[in-house]
Amino acid sequence: MSPRLTQKIAFTVLFLATLLVVLPVAVILAIIVAKGASAISWEFLFSMPRDGMTAGGIFPAILGTLYLVLGAVLFAVPLGVLAAVYLVEYSSDNRFSRLVKLAIVNLAGVPSVVYGLFGLGIFVTFFRFGASILSGSLTLGIMILPVIITSAREALESVPRHFRTVSLSLGASRWQTVRHSVLPHALPGILTGMILGLGRAAGETAPILFTVAAFYLPRLPQSVFDQTMALPYHLYVISTQVPGIAENVRYGTALVLLALVLLLNLAAIVLRYRFRKRKKW
Amino acid sequence: MSMSGISIETKSLDLFYGDFQALIAVDLRVPEREVTALIGPSGCGKSTLLRVFNRMNDLIEGVRVAGRVLIDGEDILAPGTDLLRLREKVGMVFQRPNPFPLSVYENITFGLAVHSLARRAEYDRIVEEALRAVLLWDDLKDKLQRSALGLSLEQQQRLCIARVLPLKPRILLMDEPCSALDPIATLHIEELMRQLKSDYTIVIVTHNMQQAARASDRTGFMYLGRLVEFGETAQIFTRPRQELTEQYISGRFG
Chain A
8 MSPRLTQKIA
18 FTVLFLATLL
28 VVLPVAVILA
38 IIVAKGASAI
48 SWEFLFSMPR
58 DGMTAGGIFP
68 AILGTLYLVL
78 GAVLFAVPLG
88 VLAAVYLVEY
98 SSDNRFSRLV
108 KLAIVNLAGV
118 PSVVYGLFGL
128 GIFVTFFRFG
138 ASILSGSLTL
148 GIMILPVIIT
158 SAREALESVP
168 RHFRTVSLSL
178 GASRWQTVRH
188 SVLPHALPGI
198 LTGMILGLGR
208 AAGETAPILF
218 TVAAFYLPRL
228 PQSVFDQTMA
238 LPYHLYVIST
248 QVPGIAENVR
258 YGTALVLLAL
268 VLLLNLAAIV
278 LRYRFRKRKK
288 W
Chain B
1252 MSMSGISIET
1262 KSLDLFYGDF
1272 QALIAVDLRV
1282 PEREVTALIG
1292 PSGCGKSTLL
1302 RVFNRMNDLI
1312 EGVRVAGRVL
1322 IDGEDILAPG
1332 TDLLRLREKV
1342 GMVFQRPNPF
1352 PLSVYENITF
1362 GLAVHSLARR
1372 AEYDRIVEEA
1382 LRAVLLWDDL
1392 KDKLQRSALG
1402 LSLEQQQRLC
1412 IARVLPLKPR
1422 ILLMDEPCSA
1432 LDPIATLHIE
1442 ELMRQLKSDY
1452 TIVIVTHNMQ
1462 QAARASDRTG
1472 FMYLGRLVEF
1482 GETAQIFTRP
1492 RQELTEQYIS
1502 GRFG
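Residue numbers (our numbering), protein chains in the order written: chain A, 8 to 288; chain B, 1252 to 1505.
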């Protein structure tokens, strides 16, 4: 075969492979928008479900998901960032820190349903938080910890060494150096990780299944010890557990969830892009 | 101020990086308010010696030090030495200009904030003094809030010198401070060192022998971890006592 022909074949195969990767995303989006857009209305977004979820809106599920995500982030970001600071700035490369790093990598690979069972065992049963926003947030928080820690570590490690050297040479303590010369410059990366974690927490079903999600609860939660509806679980329920739900309501719910997650990811990308442009070292 | 007029004194100083001995029995007496240059080929230990004086070597894992280093009569290798106070007293300027990615103003007040040395009301005055001392005030007085990274390299390096001054150090350590600068800027920094030495003891590491000859009062020649010869700069460059020194300054190795 002539080189020109093999080149053409290679190019075609590579291009088709790329197309195959993008195609499903486009198709999923197109189907969900086509079938769900008609359901989206002010009432759908901001009112309670009625008549066994066959009518009314999905407001409690949207709000519940927002609560859960917020709770997860409030728990996971401080903990994760502090752990990352310890790993990058304080610990030397010894057996303990290697073990911790290994644990974090493994934590990222644990299936989300296992987090759900873990949350059920620890928060719901052992700490007696019951099925509640608190239990669900903590479970989601633990699930996104690896994302937060890993991105925070990368952000800290990308701060040039000499910021630390100079700060220490000016007589700053280790902590002052971290606080004033390292953390501020790592903030963009940390924020990006936080938002990615947020998107992941918003979309997961399994971790909230046993820890918080209510099947049908047409009122808003009053405290962190209340159960709440949540978008991913609600979608599962109306798609498979309750007969007679209009198709556009199901797809409309999926559309809302998808939009929420995509919006969060988009925010992360925009943030990262803007900070990267401002970075000068 | 020490009575002897000696600012830094090392006594049989040894330093090891793991198994490698980087400094061997160094005895050095750095006089106050003079410029002392340390010269020698790459890897001779001159930068390592400089970093002993503010204990920046502590940051490297596996460093061991033996012997004594007296600064104003106090042994800074003694256990319990307050490193934060030591580094307040012994400022350092690095090879590459490395201002923080902050404004000119914030770069200078960094040390003040860290040590809570002054009230905010005094900051303006202190910033002006520091910038005047490094002859940057006229150029930068209207650009204090600009990012320091927008300055020329020479201005950045001057700013890095200015950055240590608010701590009122007694000693300035300069680790090849001109190696990233062009020849004109280099001369300017050397001129600045001559002015600063009326207030500060300056120790400069340089691989540039002309610079040592021009800018320093005393010169130490180091080779393979040893201080081979130390004396007045004029003597070292015109009548070196050691064969090795003579070979190095005449360019036969290095």
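Be careful, since some hints might not be right.
Stated by the list, open to error - Below, a sample of chain A positions facing chain B; criterion: calculated Cβ distance under 7 Å:
| # | residue |
| --- | --- |
| 1 | H169 |
| 2 | V173 |
| 3 | S176 |
| 4 | L177 |
| 5 | S180 |
| 6 | Q183 |
| 7 | A274 |
| 8 | A275 |
As the list claims (entries may be wrong) - Now the in silico label distances, taken between C-beta atoms and shown as ranges:
| # | chain 1 | residue 1 | chain 2 | residue 2 | range |
| --- | --- | --- | --- | --- | --- |
| 9 | B | D1333 | A | D100 | 23 to 33 Å |
| 10 | B | Q1346 | A | D100 | 25 to 35 Å |
| 11 | A | V107 | B | Q1346 | 26 to 36 Å |
| 12 | A | D100 | B | R1376 | 22 to 32 Å |
| 13 | A | V107 | B | D1333 | 26 to 36 Å |
| 14 | A | P191 | B | E1483 | 40 to 50 Å |
| 15 | A | D100 | B | R1445 | 23 to 33 Å |
Please keep in mind that the hints were generated in silico from the structure rather than gathered at the bench.
All C-beta atoms, glycine included, are put in the ideal place defined by N, C-alpha and C.
Here's how the hints hold up against the structure:
1. H169: holds, 5 Å
2. V173: holds, 6 Å
3. S176: holds, 4 Å
4. L177: With Cβ-Cβ at 5 Å, under 7 Å, it holds.
5. S180: holds, 6 Å
6. Q183: It holds, given that the least Cβ distance between Q183/A and chain B is near 5 Å, below 7 Å.
7. A274: violated, 24 Å
8. A275: This interface hint is violated because 23 Å lies over the 7 Å limit.
9. D1333/B <-> D100/A: 23 to 33 Å: Holds - the Cβ-Cβ distance for D1333/B and D100/A, about 28 Å, lies within 23 to 33 Å.
10. Q1346/B <-> D100/A: 25 to 35 Å: holds, 26 Å
11. V107/A <-> Q1346/B: 26 to 36 Å: Holds - the Cβ-Cβ distance for V107/A and Q1346/B, about 35 Å, lies within 26 to 36 Å.
12. D100/A <-> R1376/B: 22 to 32 Å: Given about 45 Å between the Cβ atoms, the range is violated.
13. V107/A <-> D1333/B: 26 to 36 Å: Between V107/A and D1333/B, where Cβ atoms are some 31 Å apart, the hint holds.
14. P191/A <-> E1483/B: 40 to 50 Å: holds, 47 Å
15. D100/A <-> R1445/B: 23 to 33 Å: Distance hint for D100/A, R1445/B is violated at roughly 45 Å.
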